[in-house]
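Starting from the known structure of chain A, arrange chain B on it as the hints suggest.
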Amino acid sequence: MIPDLLFLAFSAGILLGATLVIAARNPMVGVMGMILTFLNAAGLFILFGAEFLGLLTIMVYVGAIAVMFLFVLMTIDIDYIKLKEGFAPYLPAGLLVVALLAAELILAAAHSPAQLTPVVVVGQGPQPQNVVALGQVLFTTYALPFQIAGFILLTAMVGAIVLTHRPRNDVKRQNVTAQVLRKREDAMVLTRPKTGAGATAKHWNPKSVAKKVKA
Amino acid sequence: MTLPTLFLLAPILMLAVSCLLLLMVGAFTNNTRLTGTLTMLAFLLAACPLLTHPGSGMLFAAGGGHLVSLSPFTAMACLLTLALAALTTPLLFPSRITNNESRITSKPESFILLALSVLGMLTLIVASDMLTLYMGLELMSFPLYIMAALARDDAKSSEAGLKYFVLGGFASGLTLYGISLLYAATGTTSFAPLATALAAPAPILTVGLVLTLLGALFKLSMVPFHMWTPDVYEGAPTPITAIMAALPKIAAFALLIRLTMGPFLALAHTWQPALAMLAAISMLAGATMAIVQTNLKRLLAYSTIANVGFIATGVVAANPAGQGGALFYLAVYALTTLGLFAALLATGATQTAHLKGLATRSPLLAALMLILLFSLAGVPPFAGFMAKFGVFLAAIQGGYTNLAIVGVLASVIAAFYSLWLIKLMYFEQPASATALEIPAPLQIVLAVTAALSLILGLLPTLLSTLTLAAATALY
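Top to bottom, those sequences are chains A and B.
Quick note: to get this note's numbering, add 130 to the position in the first sequence (first position is 1).
Quick note: to get this note's numbering, add 26 to the position in the second sequence (first position is 1).
If we strip away everything but chain A, and leave its shape as in the complex, we get:
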């Protein structure tokens, strides 16, 4: 009974948030709607016994992605009204596609054999088991997809650098190795002139001073 009510509440929250994302006039409100969607999705995950996935959703989607969205929205100057232009002509086509997809999915779900994967509701076992289960298979059974995921992240890193890094030749850089390896002999010349035989110091008259004097 209570899980059912919770399920309904979370699902309603997801739908509300998703509607807000599309319908909100102010993109900030839209991002807030997105956060609402993520939080409710996390609730659903936890309800179905996938507590790790739920927490991950909150950490990654709310904590990282939605916050980044907010930062971007706050930093850039966009005309919100202009963004919404041309929304209306596409609305019927969009609604049609959504209606078709929804009808397809509802039909598919209604006419399916009843033994869809059984719904697991919270309260299995004394301790959260997801992390243990994931840890057991992530580096053994699923080592290959895990490594491939690592390569995808490497690609993202290379890509971010390729697309944003500009070599600048007009900037002087510190060369630590050269600095550390510099010896006394490279930097200065020691002379031992006899007393009285050294060069006589000329009058110090740098250009900047000379100019001022002229002026």
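For the record, the hints were derived by calculation from the structure and aren't laboratory data.
Treat each hint with caution, since some may be false.
[Said to hold, decoys possible] Result set (DSS-like, lysine-lysine): computed pairs, CA atoms no more than 27 Å apart in a straight line: (1) Lys189(B) x Lys212(A); (2) Lys313(A) x Lys302(A); (3) Lys133(B) x Lys302(A); (4) Lys214(A) x Lys189(B); (5) Lys182(B) x Lys133(B); (6) Lys212(A) x Lys182(B); (7) Lys133(B) x Lys189(B); (8) Lys133(B) x Lys214(A).
[As the list claims (entries may be wrong)] Per the computed footprint, the stretches of chain B lying under chain A, defined by three or more beta-carbons under 8 Å from a beta-carbon of chain A, are: (9) 88-100; (10) 134-144; (11) 166-179; (12) 224-235.
This structure is a prediction, so every number in the text was calculated from the model and none was measured.
Glycine included, every Cβ here is placed at the ideal spot set by N, Cα and C.
Below, chain B without anything else, positioned relative to chain A:
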């Protein structure tokens, strides 16, 4: 898992390690030529175990099936991918006579991204679990999105990268959704258990099947999912377009064949007519739209769409001749496309009008382009003819005579733009009479592709027996 079974994965593991080493070489030397040469070597080295120790087997048992399965078919597809990847590397090389475009793409990073993308393609080809499939699909796509936007100061290139990324991400999302529906209905993501579970049809399975195949069809730019192709091809730097046009198509078709012959075989009555329809529309739309293009890259994009339709004809036939023919066609198509893009790079032409009188400016380049265009049009002594012949024959054997008829009609339409380009090159006056100098790396690509187009046309059995044997191993 013992070491000898792991050896089956040698090409993928070798390429993965090479990616990391290349990254180090690229970062520390910043030498494009060195990184490029090493990348080419890495592709060729990774192909060696496939040639010397071809084996088949299943690896990484998980969820009632296996994550990876190797067969003569995957070996053939991997070989084709690696060989063509090695052939694409010269396009990214810096040369003395370069235009602005190739200066942007000849960076060490381009080669590393190419190697990463090829790693994804190999993973995609050998995947026998939806999880591996999805990882491979993403690893194949991401470097391509980045490479499309490499010319970041050019608005069109940025647009191409963004468009490819957003639409590709959307397609991957739908694929993932399809996979999750299949998982919801059957409780497994592995190909072998899926094949048995799908024997009992249900609407949810059909939706899952459609959405899952969508990812592959998007990468192939089959007609309803083709809208990105002309824009992305036009915007991306030409060497990158060549890579995008040739390599991912092999991997995506290998995936389509493995999916349709593996887990989705029981649902053949669902996907076969649908795929036949898409193939027919792709052929006709691609061929007709290509005629009206004035931009050469857009023209080749529509030509790709048409060719993908022809190749899909072989997949629809669902017999060894069809799938073998599709592999053979893929090899020929990729060679021809690479050659044509290399020719575009060599001439620096962007509009069809720029090709006017090419024969007087550079007779050799015009002759090589002539061979490639004849092969593209399917004129008999060249490889394109044997490829088209193979898939149409297979379609008739598979009971899809109508599709074969549409295919022949479409190839007649498609012959128009090839012949028109030839007419421009040979029978028109050039705007400027300056002789063209072809950079050495492009000379290699042009010579190899044109020679292979001729050799495979005269002696098609050199490759077609191999592809037929590979496809027969699927059954």
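Evaluated hints:
{"no.": "1", "hint": "Lys189(B) x Lys212(A)", "verdict": "holds, 21 Å"}
{"no.": "2", "hint": "Lys313(A) x Lys302(A)", "verdict": "holds, 21 Å"}
{"no.": "3", "hint": "Lys133(B) x Lys302(A)", "verdict": "holds, 23 Å"}
{"no.": "4", "hint": "Lys214(A) x Lys189(B)", "verdict": "holds, 19 Å"}
{"no.": "5", "hint": "Lys182(B) x Lys133(B)", "verdict": "holds, 20 Å"}
{"no.": "6", "hint": "Lys212(A) x Lys182(B)", "verdict": "holds, 22 Å"}
{"no.": "7", "hint": "Lys133(B) x Lys189(B)", "verdict": "holds, 23 Å"}
{"no.": "8", "hint": "Lys133(B) x Lys214(A)", "verdict": "violated, 40 Å"}
{"no.": "9", "hint": "88-100", "verdict": "holds (count 3)"}
{"no.": "10", "hint": "134-144", "verdict": "holds (count 4)"}
{"no.": "11", "hint": "166-179", "verdict": "holds (count 7)"}
{"no.": "12", "hint": "224-235", "verdict": "holds (count 6)"}
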